[in-house]
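Asks: All chains, please: the whole structure from these sequences, using the hints.
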Amino acid sequence: MNILIIGGTGFIGQRLLRKLHQQGEKIFLLSRPSSLEKAKSLFKDLSDITYIRGDIQNTDLLTDVSQADTIGEQIDCLVHLAAVYELNVSPTEAHLQNVIGTQNVLKFISRCKGLKYFHYFSTYAVNQVLKGKVYESDLISESSLFYDEYAKSKNHAEHLVRKLSPKSIHTIIHRPGIVVGDSRTGQREKENGPYYFFNFIKQTKKLGKLSEKLKYLPLPVQKNSLMPVIPVDTLVEWSSLIIQHPKERALSCYHLVPQKVIKTKEFLQSSIELMNSPLQIISSPITGFFSPLFKVLQLPEQLVFYMRQEAILDRGQLNQDYPDLKEPDYNKYLPILIEEFEKGY
Amino acid sequence: MKEVIKLSFGSSNDNFDEIIEMNGQQIHVRGLGANYDFDLALEIIKRYANECDAIALSGFILDIKVQKEVYVHHMVKKIREAAGATPVLDGNMLRKTAIPWALKKYLEVDKHLLSNKTISFYTGLVQWSFLPFFDEYHVKMVFGDFFFSLGIPVAIDGTEGLGTFLKVNAPFLSRMKLKKKVMRDFSAFRASMKPMEKFLHADIFFVTESQLKFITLNDLTGKTVIIDRLSPENEEKIFKSNAARILNLFPESIDQPHLSSSVLEAIMQVTHPENLLSEEDILDHLQKVQVTPAMRHSGFQKVDKDQFAFIIHPLSKSQIAQIPGLEFLKKTPLIDVAENLAAKVPGYHYCKISGIKSAFNGKEVDGDLYLIASTPKMLLSTPAEKVYDSLTKICELAHKRGAKLIGLGAYTKIVGDAGVTVNNRSPIPVTTGNSLSSAATLWAASYGIDKMGLVEKRESHYFGTCMVIGATGSIGKICAKILANQWKRIIVVAPRPYKVLELVTQLKEFAPDTEILGTTNPNKYSSECDLIITSTSAQGERILDIDLVKPGCVICDVSRPFDISLDDAAKRPDILIIASGEVELPGNVKIEKTIGLEGETVYACLAETALLTMEGLFESFSMSRELSYDKVVQIDRLSRKHGIRLSSIMGHTGEISEAEINSCRNFALSKLS
Numbered sequence: 000m001n002i003l004i005i006g007g008t009g010f011i012g013q014r015l016l017r018k019l020h021q022q023g024e025k026i027f028l029l030s031r032p033s034s035l036e037k038a039k040s041l042f043k044d045l046s047d048i049t050y051i052r053g054d055i056q057n058t059d060l061l062t063d064v065s066q067a068d069t070i071g072e073q074i075d076c077l078v079h080l081a082a083v084y085e086l087n088v089s090p091t092e093a094h095l096q097n098v099i100g101t102q103n104v105l106k107f108i109s110r111c112k113g114l115k116y117f118h119y120f121s122t123y124a125v126n127q128v129l130k131g132k133v134y135e136s137d138l139i140s141e142s143s144l145f146y147d148e149y150a151k152s153k154n155h156a157e158h159l160v161r162k163l164s165p166k167s168i169h170t171i172i173h174r175p176g177i178v179v180g181d182s183r184t185g186q187r188e189k190e191n192g193p194y195y196f197f198n199f200i201k202q203t204k205k206l207g208k209l210s211e212k213l214k215y216l217p218l219p220v221q222k223n224s225l226m227p228v229i230p231v232d233t234l235v236e237w238s239s240l241i242i243q244h245p246k247e248r249a250l251s252c253y254h255l256v257p258q259k260v261i262k263t264k265e266f267l268q269s270s271i272e273l274m275n276s277p278l279q280i281i282s283s284p285i286t287g288f289f290s291p292l293f294k295v296l297q298l299p300e301q302l303v304f305y306m307r308q309e310a311i312l313d314r315g316q317l318n319q320d321y322p323d324l325k326e327p328d329y330n331k332y333l334p335i336l337i338e339e340f341e342k343g344y
Numbered sequence: 000m001k002e003v004i005k006l007s008f009g010s011s012n013d014n015f016d017e018i019i020e021m022n023g024q025q026i027h028v029r030g031l032g033a034n035y036d037f038d039l040a041l042e043i044i045k046r047y048a049n050e051c052d053a054i055a056l057s058g059f060i061l062d063i064k065v066q067k068e069v070y071v072h073h074m075v076k077k078i079r080e081a082a083g084a085t086p087v088l089d090g091n092m093l094r095k096t097a098i099p100w101a102l103k104k105y106l107e108v109d110k111h112l113l114s115n116k117t118i119s120f121y122t123g124l125v126q127w128s129f130l131p132f133f134d135e136y137h138v139k140m141v142f143g144d145f146f147f148s149l150g151i152p153v154a155i156d157g158t159e160g161l162g163t164f165l166k167v168n169a170p171f172l173s174r175m176k177l178k179k180k181v182m183r184d185f186s187a188f189r190a191s192m193k194p195m196e197k198f199l200h201a202d203i204f205f206v207t208e209s210q211l212k213f214i215t216l217n218d219l220t221g222k223t224v225i226i227d228r229l230s231p232e233n234e235e236k237i238f239k240s241n242a243a244r245i246l247n248l249f250p251e252s253i254d255q256p257h258l259s260s261s262v263l264e265a266i267m268q269v270t271h272p273e274n275l276l277s278e279e280d281i282l283d284h285l286q287k288v289q290v291t292p293a294m295r296h297s298g299f300q301k302v303d304k305d306q307f308a309f310i311i312h313p314l315s316k317s318q319i320a321q322i323p324g325l326e327f328l329k330k331t332p333l334i335d336v337a338e339n340l341a342a343k344v345p346g347y348h349y350c351k352i353s354g355i356k357s358a359f360n361g362k363e364v365d366g367d368l369y370l371i372a373s374t375p376k377m378l379l380s381t382p383a384e385k386v387y388d389s390l391t392k393i394c395e396l397a398h399k400r401g402a403k404l405i406g407l408g409a410y411t412k413i414v415g416d417a418g419v420t421v422n423n424r425s426p427i428p429v430t431t432g433n434s435l436s437s438a439a440t441l442w443a444a445s446y447g448i449d450k451m452g453l454v455e456k457r458e459s460h461y462f463g464t465c466m467v468i469g470a471t472g473s474i475g476k477i478c479a480k481i482l483a484n485q486w487k488r489i490i491v492v493a494p495r496p497y498k499v500l501e502l503v504t505q506l507k508e509f510a511p512d513t514e515i516l517g518t519t520n521p522n523k524y525s526s527e528c529d530l531i532i533t534s535t536s537a538q539g540e541r542i543l544d545i546d547l548v549k550p551g552c553v554i555c556d557v558s559r560p561f562d563i564s565l566d567d568a569a570k571r572p573d574i575l576i577i578a579s580g581e582v583e584l585p586g587n588v589k590i591e592k593t594i595g596l597e598g599e600t601v602y603a604c605l606a607e608t609a610l611l612t613m614e615g616l617f618e619s620f621s622m623s624r625e626l627s628y629d630k631v632v633q634i635d636r637l638s639r640k641h642g643i644r645l646s647s648i649m650g651h652t653g654e655i656s657e658a659e660i661n662s663c664r665n666f667a668l669s670k671l672s
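As given, the protein sequences belong to chains A and B, one line each in that order. Residue numbering for the first sequence follows numbering that gives the first Met the number 0, beginning at 0 and increasing consecutively. Residue numbering for the second sequence follows numbering that gives the first Met the number 0, beginning at 0 and increasing consecutively.
None of these hints come from the bench; they were simulated from the model. Each residue gets a CB set at the ideal place from its N, CA and C atoms; glycine is no exception. Incorrect hints may have been included.
As the list claims (entries may be wrong) - Once the Cα atoms are required to be at most 30 Å apart in a straight line, the calculated DSS-like pairs of lysine-lysine come out as:
1) B/Lys77 with A/Lys106
2) A/Lys166 with B/Lys236
3) A/Lys294 with A/Lys342
As the list claims (entries may be wrong) - Okay, the calculated bits of chain A under chain B, using three or more residues with CB under 8 Å as the criterion:
4) 93-101
5) 104-114
6) 153-162
Replies: The structure is reproduced here in C-alpha cells:
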C-alpha cells in the first residue's frame, strides 16, 4: 500500500512510520520545507521514503501544487497525525494547526483520485465533558464546554473530518488515550500528560527534609477518576494493524485505550511509590487553592480535567473489528517509564 | 482556480470547502469560522489573505452610514488592513440592489405584500442600505435595535428613530468589542409589554440569516417573515414560531448552501479582477440571474387558525326583515323606507363561521361574515365610489380582526369594476369567488344531467350535444373549454361570427376528438342539445326560443339577470333550469346566524374564500369580470383536495329538490315517447 503520512516526524508519527515501513508499506512523508533535512536525517536508515514538501497550513497542502494530481493518484492511504498537543496552547494556534490544518488536509483528499483510506488521529478528549459511558460514535457538539484549547480544537477538527471527508473513501478515526513513553524502553519525547506530574514529584524530592514532613498531597482527583494511558508502542502496534487491515466502512472510529483503564488515583499513587516518595494523595474538591498551587508546581491548569475525568471509554467497535489486540500491562511498564524518567534526558 | 475565503465571525462548525460554478467559471470557496475570536480572525486573514483572491466577511458589524458619516467597526478596519491588496467584501453593495429587487418580484405576485403594513426589523443596523425602498411603499417600520444590540427592550419607531439611535450609538458601536453575542430572546416579551408592543405587533418581520443565529424568535403566529437567505434549518426555526409564510430573498436557483451575499459579491469580484467591484458590475451580474419568487407557506399546524372574511348582503327587501332585530319590518309598508335607510348603515361584523376543517390536512380555518344591509337594487343605484368606500372599510376592519383574505359576496362583486378598486385599496387580498362559482355551476350542470339520466355517460364522458351561449365571454369560454373535453359534440354560440370562428379553431386544437360547431343563432341547434349553458350580457332580453328546446334538456343559466325568464321556465316543466350550484364546506361547519341558505350549505364564492385560506393561498385569486380557465381548473382541483362538495343545485326561485328533478324527468320522458 502507498501511504502518505502527515505528521510523520512527531512522537507517535515517527514510530508509526517505522512500523509501517518495516511491514513493507511504501511510505510518502509530507514534510515542511524548513524541516526536510531534519526529517531526512531522522529516517536516514530507511531507504525509499518519498519526501514531499508541504505544510498543513497551506491551503493546498503541497508546496508544489502541480504535484497534487500525481500524488493523489499514487497514494492508497493517507494518515494524518499532525497536530499541536500542548495543553496550554493558545486558542489561535490550536485552531490554525488542528482545525484549519485538518481542513486543508481534507481539501487535498478531495482531489486524491486513487485514495481509499483516510486515517485521522483524534483524541479521547474530544468528548471532554461527557460522563458515564462514552461510545466511539459519540462526538459532543462543538459549542460544548471544553477545559482546554487542545481538546476543543480536536473536537472541531473531528467534526470537520466526519462532515467533509468524501463519502467515497473509508474514513477511520483513531482516538488514542493519554500517550506515554515506550513500555519496553521508557523512551519519551515531551514532558506532558503524567510527566507533568512526575516532574512535580521530582521537585518535591528536591525539597530535601521538608519533603519528608509533607505527608499528604491534595489533588483534585476523584475516587472514580480514570486515566486512559496507553504506551506509545502499544498505540503504534494497534494503529498500524488498523491501517494495514482497515474495515470497509464509510466511517469507523476507535477508542485506542486499554480494555481495563486504571484509576487515576491508583496510577498516581503507584508512580509516587515508584519514585520513593512518601507522599499520600488525598482527593480534594476543586477550590480556589488549586490555581496558585498548580502555578507553583508548574502544572498546566488544564490538567485538572485529566485528573478528574470519569468517562468510561467504550471500546465496542474496536473489540468487534480487532478482537485480538495485545493489552499493555501497566504493572510492568510503569516502573520502566519512571526509571527512564528519573534518568532525565 | 480562483479562491474565495468566507471568514465568518461565528463558529467553525460550518467550515466548508466547495467548488462553485458561476457563469461557467469554477471558483473554490472556503468557509472559515473564527469561533467569535477576533485574534483568530485576524490571524486567519494574515495567514491566508495572500493565498486567496477575495475575502467575504460574514457576521461582522458592517459599516454604519449615518447621514454622510460612515462608521467602520474597528475589527473590520483591522481585517481590511491585514488583508492588504486582497479585496474584502461584505455583501452590502449586493444587498442594496438585490434585496429590493427580489422584494419587487414578490410584489408582482402579491400586490398587498407591503401596503399599509408594519414591518419589524430585528435590527436595522445592517439594513440601512435598502431601507429607502420600503419608504416607497409607505410601510411603517419598527426596529428592535435597542434590544438586539444593547438588551434594552424598547422598540424604535420609524427610520427617523433609527437614525437618531445610530447617530447616538454608531461611534460607540463601531468601537464596541465584538464577541459571541448573547441570544436575544424576543419571545420573552408579552404582547402587552408596552415598549415592545409596536415591534411585536407588526405584520411582517425582517431578519437576516446571520441575525437569526442570535435570536429567539417571538411568537410569529400568522405573520410573514422576510429573510435574506433561507436555509432548511432556518425554515424550520421560523415555522416553529408559527409564522404563516416566509419570503426568501435569495435566488433559489442558486442551489449552494454556502453562497451568501458577501460570498456572491466576492465571487463577482474575482470574476472582475481588473478593478474593485462597483454597483454597475453588480447590476450586470444580477441581470444574468433568474429569480423566481418562492414563497414558503407554513405546513405546520398552527395554534391560531387562519382567518378569512366574507361580505354578504340581503338579496331582497324581504331579507332585510330577516336580519335579527329588524324582524318587525316584515309586512309593514315601512320596508321601503327601511331598504333606503339600511343602505346607509356602515358594514358591520355579522357573525362567525367556524369548524371548517380541510379533509386533506386537517387544517382548520375560521371566517368572519360582514354584512352591509343594502339590497341589490340599492347597491346598483348607489354611486360605485360610495360602495367601494364602505367595502374598503370592511376590509380594514377584517384586517384588524386578523383576516388574511376577504371575499365579496353576491352583488358586492358586481358593483363597478368588480372588485378591482376594492382590492387595490384593501390591506388584505380580495377575491370575488367567481372561480369556484363557475366550477360549482358546472358541477351542478353535471349533477343535473346525471340525475335526469337521459344522456349516455361512459367514464365521465357524455355522448350527447351541449351548447354554450355567450361562449366568447369570460365565463362562457371557460365553460366551453371544460365541456369540450367532456362532451361528444359542442355548439358554441356568440353574436359575432368572427369571434365564433376564432373560438371554434381554438377549441379544435384544445379538444381534437370532439365535434365542434359554431353559430350565431342558438335556436338553430337548440332542439339537439342535452345541455345548454347561457352566459350572456343580454340584460334579460330573450335569447333562446324555449319552445324549440329539446325535452329533458338541462339549462344552466349563469347570466345575471337571467336569460331564461320565469315565464319561459314555467312553460317547459320538462326542462331542468339551474341557476347555480351551492356547496358544502368540509368539517363540522357552524354558522352563528342565517345567511339565507339551508343547513351547512354556503355560497360557492364564500367557499372559495375559505378554500384559499385552507390552502394558505392569500391572494386575489378571482378578480374583475375576467376569469381564467387555469384558475377554474385549479380551484376545482383544490376543492377536491380539501373536500368541498356540491350540496345543492339552485333554480330561479331557490333550491331544486330531488322531487322536482324527478317530475321534470317524467315530463320529459312522456314528451319524448
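Asks: Take the C-alpha atoms of A/Lys294 and A/Lys342, compute the straight-line distance between them, and say whether it is at most 30 Å.
Replies: Holds: A/Lys294 and A/Lys342 sit about 25 Å apart, inside 30 Å.
Asks: Please check whether the segment 153-162 of chain A has three or more residues whose CB lies within less than 8 Å of a CB on chain B.
Replies: Satisfied; 3 residues make the cut.
Asks: Holds or violated: B/Lys77 and A/Lys106, Cα atoms, limit 30 Å.
Replies: Status holds; Cα separation ~28 Å.
Asks: Within the assertion that chain B covers the segment 93-101 of chain A, do at least three residues meet a Cβ-to-Cβ distance smaller than 8 Å?
Replies: Per the Cβ count (4), the hint holds.
Asks: Cut-off 8 Å, C-beta pairs, minimum 3 residues; does the coverage of the segment 104-114 of chain A by chain B stand?
Replies: holds (count 3)
Asks: Is A/Lys166 within 30 Å of B/Lys236, Cα to Cα?
Replies: holds (29 Å)
In summary, this structure violates none of the numbered hints.
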